[in-house]
Structure formats: structure tokens, C-alpha cells
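> Read off the chains here:
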Amino acid sequence: MGYTITEKILARAAGLPAVRAGQDIKAKPDFVLAYDFPGYTDVYFKTMKEDFGIARVAEPERFGIFIDHMVPTATAKEEELHINTRNWCAENDVPLFERHGIGHQVAAEVGYATPGAFVVHFDGHVSQLGTFGTLAIGLRRNVMEAFVSDTVSIRVPDTVRVNLHGSLRPGVMARDVFHHLVRRLGPSSCRFQVLELGGPSVAAMSTEGLQTITGLAMFTGALTAIVNPDPVRLDYALPRARKTLEPVSSDPDARYSAVHDIDLSELEPIVVVPPTPADTRDLTEFLGLEINAGYLGSCASGRLEDLRAAAKVLEGRRVKTGVSLHIVPTSQELMAAAAREGLVSTLVEAGAFVSSPSCDYCFGRIATMTAGQRAVSTGTLNVRGRMGSPDSEIYLCNAAVVAASAIEGRIADPRPYL
Amino acid sequence: MIGTQLQMPALKGRVAFIFDEVNFDVDQIVGVKNIKITDVAELAQVAMQSYDPDFATTVRPGDLLVGADNFGYGHPHYPPMKAMRHLGITGVIAESFSPGYWRGEVSMGFPQVGCPGILGFVERWDEIEVDWAAGVVRNHTKGTELPFEPLPLADAEMIEAGGLVPFLKRQAAQQREQKEHSHVSGT
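Protein chains in written order, with our numbering: chain A, 1 to 418; chain B, 1 to 187.
Just so you know, these hints were derived from the structure itself, not from any lab. Small disclaimer: the values here were computed from a predicted structure and weren't measured. There's no promise every hint is true.
[To be verified] Below, a list of computed lysine to any residue pairs in the SDA-like style, where the Cα atoms sit at most 20 Å apart:
| hint | chain 1 | residue 1 | chain 2 | residue 2 |
| --- | --- | --- | --- | --- |
| 1 | B | Lys142 | B | Gly13 |
| 2 | A | Lys312 | A | Pro416 |
| 3 | A | Lys46 | B | Met108 |
| 4 | A | Lys49 | B | Gln175 |
| 5 | B | Lys36 | A | Gly364 |
| 6 | A | Lys28 | B | Arg170 |
| 7 | A | Lys26 | B | Gln5 |
| 8 | B | Lys169 | A | Asp150 |
| 9 | B | Lys169 | A | Phe147 |
| 10 | B | Lys169 | A | Tyr40 |
| 11 | A | Lys28 | B | Pro152 |
| 12 | B | Lys142 | B | Glu129 |
| 13 | A | Lys77 | A | Gly39 |
[To be verified] Here are the in silico distance ranges between beta carbons for each label pair:
| hint | chain 1 | residue 1 | chain 2 | residue 2 | range |
| --- | --- | --- | --- | --- | --- |
| 14 | A | Leu16 | B | Val40 | 41 to 47 Å |
| 15 | A | Ala204 | B | Gly120 | 44 to 50 Å |
| 16 | B | Val40 | A | Arg240 | 42 to 48 Å |
| 17 | B | Gly120 | A | Arg184 | 24 to 30 Å |
| 18 | A | Glu50 | B | Val40 | 20 to 26 Å |
[Said to hold, decoys possible] Stretches of chain A that chain B covers, calculated by requiring three or more beta carbons in the stretch to come under 8 Å of a beta carbon on chain B:
| hint | stretch |
| --- | --- |
| 19 | 123-133 |
| 20 | 152-159 |
Ideal Cβ positions, reconstructed from N, Cα and C, are used throughout, including at glycine.
Using the sequences and the hints, build the whole thing.
Okay, structure coming up:
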């Protein structure tokens, strides 16, 4: 019986001829990534030095640190955290990416999404590197193991395979595909497993769309998501790759714990209603619900195709008075591309407030809502208090829905505007 | 089973509460508005207020919590279980767990036990015990037992060690010992 791409990557990383799902191994990550955040990186840096006597990391090229939260800083304490991070990276010769954009996206742009590589982070949304055939797992605090030793202790996960068929209809985006998966398969369907995307329609899907789907994998319970790399993804990733590795793919007779088929042509736009990422509903059920804010951005959906969809809806129209629409491209590279394409001027002329890449809108550090307010958002999460008051509400949806809703001041169907 | 190699912490007490909601968001235990409280005694005071206001006065050290499928789903934070530990709770037994929650609590050295069927197996205040060596949960009140899912080795080791940092320290010491041994023996 063949092996999954996950088993192949972990076997190499563990230095073993082969591993199978269920096996407990110690694997050496090719890359160890993190963003600076109070209670995480500052604690790792301190623990490494004080508890483990590690003054410098042995292989700095295996690490990558991103400053993407609290950007720009609003308090002296936040700036002190960044100084600490900059100093640690300089002392350790570890690459630091500050103000390049949201780290999970930037990681792909700067070559950590090396096909065939094993990557760890504390944050689970790093799974989006799976778009390029990279196995990228969020370990929460356990990622400290990768900071103080060469390896991480991990059980080789099983894989759930999802085959995509057909093509998306206008107004339906990758965001809808992912939340349909949660609805169809269930929020625990891939618990402790890998979500592998395949099937005849994957090749035709945009890289950005796949980044959206793989990046949200944790809401199916998955440890990560992965796609067998195809020529389009390899053309993006290989010239940027930081390490020379042979890309690998699942064998045709690999063992999956479950196989599901999704017909993309049947899908409609959705909303995910508060207060849980598990509650996916048809957009049509919630049309007309009044909103105060719109947010288009985050590591999940602030890429060019999202900005294009919003620009198409907003071109020649105006955001309704009283509604604040925040549009935050996911990275500097993408923002520059959007500017060259004329998307930024279209969005700004429509009344959107366009900001440089930052994670801060996604978790309510800025553009905070007060009690009783309601947002439509392409952020990652809609739990209580995510964007401010625990008594505000977040409806997750695709970028076109955010734009249409900002025009009408209520949850709106984007299709008439397209 | 696990207990034959490792000295796992004893888990024996009453079922202090049963969270029967699937995909339970643990932040609800203290309420989202209290998530940023850092004083553990203060957290313990607000814990469970919307479920059982008498919880803090009735719970006893050693008591356990029981959960449904995908316990800890959402965006789990650490304060709710810090409050529970402060009140004397020693572990959670659930039908199944959400990976983010699981990893977070195991890294705190807080025992988590995946046990399909647990909801129908216990009632609130039953006396129960996790027998790590036998791989079963025992209901002493009813005189029954139910197998639980074996933990991944690293998770069991982390719980035995008392959390992530002691686990990593022990691992580092073992590696040093191995190195010294191979140096001495010249292999």
C-alpha cells in the first residue's frame, strides 16, 4: 500500500525509511516559524536562555520570525516586545520579516513554503503553506520543543481526502468552499488528521483560493491541510524555496481514513454565523441583517482575488454612510500588485479605508467594535469578542459579500453587482 | 498500556460537571468578558457562574470534568482551565477533543482523556477513576468500566512530567546522558 504525502514528508524529517499514520516519531522540522506575541516568542527566548542554556540557535537558517501583530505599535510596551524580537533575531542570525505583511502569507512569498518541507509554528493558520505541498503544522506552545531541540515529538496523522469536482459559479469563492466543507463534513471531521485536497478541479483552482482553504483547515479539527503540488504551485514555490528538496505527492493507493467528494458547481455563497466557526448557513437566510462594519483582510482572505472581487462590486459605487469598511491586503507584495492594477484607487474612491498589512484588524486590536455592533468579515474567526466587545457579532463571508454589504449597510448578495 | 512505563498522575474523584454540548467552547466557562483576568483566584470566582453558581463551593480537590465530542473547539484560551485547576479539578474526560485545546492543556501538564461513550457512562457526582495501566475509566458508583483511547506517547510523557518545560528538560538531560555515555564507551 502506498503512502500519503504527509507520511512521506514526516519519514524524511524523522530520518526513517518510511512511517505510517499512528506511529510516534521525533521529526526534525525544516523550518521553525513564529510571529512575536506576548506570552509566546518572548517566553521562548527567555526559556531557551535561562532554562536550557541556549545562547544561540545552532542552525539559524531553519528559523523565521515575523512581526505582523501590533503593527504599527500603539503602546510603548508593544514596541518593547518588537525590540526584544529584533534583538534576538540579530543575535541569532535568524531571518526577521517586519512590515512585509501577515506572516503566513509572507512565509510563502519568501520561500518557507518549500514543497516537501516540514514546517512548525505555534499558530495553526500556517497550514496554508500546504498549498505548495509543504506540511505545516501549528503546535501551539509545544512548538517550544522545536526552539530548544532539533526535533518535535509527534504522532504521524491520518489523512482525510477531499476531492473537488466541477467549477465555482460567479459570486462563490474559496471562502465558501471551505465553510461548505465544515458544514458537509462537520467541525470535527478531520480531528487530529490532515485534510488533503485533491480531485480534478484542484489544478484549475487559484493558488490564492487554495491558500484560503488550507489556511482555515483547523476548523475541521485538522492539524493541517495539504495539496499534492502541481506545476502551477511548483512554478511559484520552487524559485523562492529556501531549501532544495524533492517535492513529494501521495501515492495513488495511499491509505485515507475517509474520502469525500464535493461538487463545486452546486455551491452558493454562505455566511458563518456567530458565535462559532462551526455554524455555516446559506447567505440567503441572512440577507437584510443590518451591519456597522466590514472587514476584508486577514491571512485567510485578503489576497488579490479577494481585492478584485471587492473592487468589481464597489467600482463606481459608495460604501453606505455610517458603515466602516476596512480593507487590508495580506502582504506588501500583494498591496503593491493591487495598486499597480488600480484596485486600491477603486476601493478608496468607493469609501473603503485601505490599510497596510497587519494582523490587528482580525483580532480586534484596531477597528474595535462596541456592544451591539455587527460586522461582515473575511477574518479567520467569529467567536465572541474577537473584534472587540463580547456583545458584538461577526458574520464570516467572502470578499464580494463584504463589499456588497458595505454598499447596502446590511448583509447583501454580491451577485447582482458582478 | 501507558501506566506500565510511566508514572501517570492519579485521577480519581467525582464528576464535578458534564458539558454535554458538542463543539464546546471552553471560553464560556469563565465568559469571554473575563478571559483577560490574570489573577487565578479572581478567575475561579467567575468560573461556571452561568452553569452552576454553587460550583466553586461544591467541587472538591480531585474532581474531574466530563465533555462531549470535539471538546474545546473554537479559539480556546488558557484562563478557563487555570480556574478549574485552582478549584481542584485534576483532569477532563471527553468523548473527543479539539486538537488546539488538547495540545494547549497537555502542554500545561493537565490530563485529558479521550473516551468515546463517556457521556452515557457517568452521571454528575459519580465517583470515577482513570486507570492508566488498564486503559479504562472506572465508575465506582455504578461498578462499571469503559476503555479510553491510548494517548500519543509524547502527550503521555508530557502529562507525566507535569507539562511542556519539565518534559523538554528531561528530554534534554536524557540526550546529554546518551552523548556522555557514547563518549565514555567510545562508540
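> Taking the earlier hints as the rules, which of them does this structure contradict?
Hint 19 contradicted; others consistent.
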